[in-house]
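Trainee: Residue strings, one per chain:
There are 2 protein chains.
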Amino acid sequence: MKFKINREQFLKGLAIASRPTLAKSPIPIYSNLHLTLDETGLTLLGANSELAIKTHIPMRVNDLEVIRMFLPGETLISSKTLNESIRKMEGNEISVEIIDRTIAQISDGRTEYRLGAIDSKEYPDLDLTKNGTGFEMSTKEFIRLVDQTSFAASTKEQRPILTALNLSAEKGTLTAVATDSARLANKVVNLRDNVTFVANVSARIMGDIAKLLESLVGVETMEISASPNKVTFIFDNTLVVSRLVAGEYPPTRSIIPKTYQSFLQANANELLKAMDRVSILYAAEKDNIVKLSMSPENVVISARSTLSAETAKEEVPLCKYVGEPLDISFNYVLVASAIKAAQAEEVTIGFNGSNKPFSIRVAEDDSLVLIVTPIRT
Amino acid sequence: MKFKINREQFLKGLAIASRPTLAKSPIPIYSNLHLTLDETGLTLLGANSELAIKTHIPMRVNDLEVIRMFLPGETLISSKTLNESIRKMEGNEISVEIIDRTIAQISDGRTEYRLGAIDSKEYPDLDLTKNGTGFEMSTKEFIRLVDQTSFAASTKEQRPILTALNLSAEKGTLTAVATDSARLANKVVNLRDNVTFVANVSARIMGDIAKLLESLVGVETMEISASPNKVTFIFDNTLVVSRLVAGEYPPTRSIIPKTYQSFLQANANELLKAMDRVSILYAAEKDNIVKLSMSPENVVISARSTLSAETAKEEVPLCKYVGEPLDISFNYVLVASAIKAAQAEEVTIGFNGSNKPFSIRVAEDDSLVLIVTPIRT
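Quick note, the sequences are listed as chains A and B, same order. Just so you know, numbering that gives the first Met the number 0 puts 253 at position 254 of the first sequence, and the rest follows in order with no gaps. Just so you know, numbering that gives the first Met the number 0 puts 144 at position 145 of the second sequence, and the rest follows in order with no gaps.
Just so you know, the hints here were simulated from the structure itself, not pulled from any lab data. Be aware that one or more of the hints could be misleading.
For chains that are exact copies, the list does not tell them apart, and a pair is met inside one copy or across any two.
[Claimed, not checked] Straight-line distance between alpha carbons at most 25 Å, and here's what the computed BS3-like set of lysine-lysine pairs gives:
#	residue 1	residue 2
1	K87	K272
2	K272	K11
3	K120	K210
4	K319	K87
5	K129	K155
6	K229	K272
7	K319	K129
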């Protein structure tokens, strides 16, 4: 294998395919990138035991000759070293040559690296075909769906199914649900296609894919396909395959209240800042409990250290409460992340008393419901 | 104690006096700030067992009434909580009142904190007088002196004296020396005053003081006084007292070579970038050895992984070698930090063969000498 490649295009491809190789994997071979060169261009593949990303760098991009002077072949090179070397070199064109199947000679005309190369036969045989039910979606909508839900998934492995984002499609809508049992996020978007499926995908991986998409310029739509054991995402010259989280997702529909006894309408930023101020007492504590004392006259937020008698309180500005006076306590970290996920200037919080889960919604947007369980004090 | 204070001026004072309290101290009382209010203004004192910083916020600054409605007194308040509360409040004026000697009620009119307060009698009795030989220095020159030398001090406690910056003044000059025995930095500056003293001050603390000075606007000169057991720095409304490092500083003058067999003149940035590129092979390795192969024709820098056969090499641009051809190997981390400390576009490196310490100097600036010991290969 031998080729000369435009450095900038090479870096772009490396930034995409290397993502799965950054995670520490118990399988050492996954620390390598798989490079395949044929007459269509260079294909880069990076994987770990949960996720694989394959991206293709074509011979030409518009008027630019990206790859030239090539001899087809395949090889494996350490992802970390390859990325660092290409990033640190300064030449416009990089030449790569595999010598004796074991040495990758890489140069920009000034710096010359002789890195280790591994026979590509050592790489696991990955199933990178797309199959199952597919549909199209705007990348912007996908990123928003993931950002507004995945934060609510569990990060603990005790109940692996709760680390997943539960995706279900039917009757022209796609619903994403995440919960760690103390809070829940539920988002519905409309689909152009009428598909039916259920897939539980790691919320962490969904977050990674959303970040990858955010880093790409000009990628406006993507194709998502779900089969019983994997989900694939296709955009631009890139294919992403994630395995699914095994298990049955718990039913969550009944958790979302249908009616509320009282409502707080609040400026999201002011409420966040007020929570942030009163919660400084909790730096070293566990519960992070903040209390809202609400009446139609005023809304007071307060906190009390459980280790000392220290207190903090303030009246929350720019908010309106409708209903019977109510005191409710909660973990402010959960509420703050839900308010941030709402991505709105104003939020409406619906309550059903001090001990019932409350919901955070965005006015005039029914697609998103965020639920938090209060703390009984 | 009771007062109202301009929030911005309070924050400025807190940023100065809180520095020593940020370090984890085995003495819990040092996590508090000492506040003293009298008719001249508010004095903030923060300390740990090595360093104390006292700063004064006057009643008025020019036309601005900084402090008003005051009742004199003294108290201790948790530095971390006090800083966070004042930083997060948004009002222009903060009111502070100590209630029953145990509660600090702090408010900006919206948020009200009731924090713990401790009787100021609990605070250790610190010697904050200035004594010993004093001299004046420009803060800019002081910052540069510290930045160019303190990096070379040891960070290990095996030989505590090597964690110090050795300051010695005589005949109108001040010399700062730091060494961890693998490298040495020696800087000389001229003084307006003819003072004589020797003081070994923790290089880490000197770095902290330099950072503090860099953060202050408009502080152009400082007064430094050294006595046998402490050194004091006075600038603006602030007094800094550091204890000295005990022990005799090892003689270093003989380490600086007087003559050189050969010289490399190099563009500092190009040399740093070349070292950075070839050293990517060393991510997980210990020695970080880079080799320079120099002749009047060309200068090649190279690295070889000790775990694999991987290599990297390049010709260093924009440099000129004068002397017999020479190969020399060194820990590139030590050389890179010395080149950065030189703070110059061009550096001149003087050699006396492969096994002798070499010196990094700045052309046309005799005040700074940086020495690195090579590695025998």
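Trainee: Which of the listed hints are broken here?
Mentor: Hints 3, 5, 6, 7 not satisfied by this model.
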